[in-house]
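Asks: Sequences listed follow chains A and B, in order.
The first sequence begins at 1322 in our numbering and counts up one residue at a time.
The second sequence begins at 1322 in our numbering and counts up one residue at a time.
By construction, these hints were calculated from the structure, which means they are not laboratory data.
In this text, all values refer to a predicted model and were calculated from it rather than measured experimentally.
Some hints could be false.
[Claimed, not checked] Some chain B residues close to chain A (C-beta under 7 Å, calculated; not the full set):
| id | residue |
| --- | --- |
| 1 | I1323 |
| 2 | R1325 |
| 3 | V1505 |
| 4 | S1510 |
By construction, the Cβ of each residue, glycine as well, lies at the ideal position given by its N, Cα and C atoms.
Protein chains: 2
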Amino acid sequence: MIRRLPRYYRQLSELQEAGVVRISSSALGRSMGLTASQIRQDLFCFGEFGQQGYGYKVDSLKEEISEILGIHRGHTLVVLGTGNLGRAIIQNFRFSSNGFRLLAAFDISPAVVGTRIAGVPVYHTDELEPFLAQHPVSVGMLTVPISAAQEMGDRLVQAGVRGIWNFTNYEITFDRDDVVVESVHFSDSLLALSYMITQREQPARQREEEETL
Amino acid sequence: MIRRLPRYYRQLSELQEAGVVRISSSALGRSMGLTASQIRQDLFCFGEFGQQGYGYKVDSLKEEISEILGIHRGHTLVVLGTGNLGRAIIQNFRFSSNGFRLLAAFDISPAVVGTRIAGVPVYHTDELEPFLAQHPVSVGMLTVPISAAQEMGDRLVQAGVRGIWNFTNYEITFDRDDVVVESVHFSDSLLALSYMITQREQPARQREEEETL
């Protein structure tokens, strides 16, 4: 369910931009590949947004979901590592649409320290702790090499950061339960795709396994 | 379950590299944040790998999972779009460890067409169809701008590609059920993290919602 909320938010944003004022649960479901009853069940948990037969008001539903997702809470973020991936995300990702302010990036390369990427200042990693002492930061995004992942994560947490957005493909862990890690594992995604296309290529085996599962 | 298989594969690869020969379901579970009984349940579906009290043989379990994931099937891939994100993935992602051969990249920018990125040739997008007619391609990776997402996806499918690895943050769809789309939505991931840290910040509200859910 938590996994579906961001999708609802994204879908409702698109509907709002397209000028849609009201939408029925079945139309919303179709656009998201869910059944109307899944939609009603999901949204029921979060209060009464719809009225039977009248559909959902797009703007108020979006507003309520953005509240639950914490989009208006002024979350802040720093990026650790400005290699290709870090740079790509800094330049292209719409942090503000997702309720985040990107405050700064950190790197060790003299070629980037002191520059700006899409307006975001890049500091030396040595300046991380002094910076975090001055600026409350909700999330640290890790786009460092895998060998530096845990150490940089530990430094963030030590300095008070409680959310880690992990792109390092390393299964980073912390010995405390007030830290939240969200990992984007590209390989897990590609392997899931590999599994699905392999199943399509083997229709007989697919049927057999579906019967077993 | 399909979502967990790639994690098992990743974990088993790490164990193998660390020289671990056998592992109990409880130790495997601990390292993955799952219970021993979840592990046994997951792996039971795919045949009898373990023996009660003896644990799992790391190499044969990994081998069996890699078979199911289609890692040895010689899947091939092309990349559409060599902006920062496309370039970052071409340069850093270990396609071969995941059973994929990256054959070529396509772009429209004269600055990159005709060059190589990490050894991978970059062709003009006009050459996509002739290339696909010559080379069987399992997966097309989309790192094009959102405005080009559906069109490039359609061209891939038209030319026989059946797997789409979508990074465009656009909900790409196809009117046929033999095409598989796997999307990496950065914003969904960040919003899930936003939700989790928001809940931590509001312990009272969290408890209340947990009771409702």
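Asks: Which hints, by number, does the structure contradict?
Replies: 2
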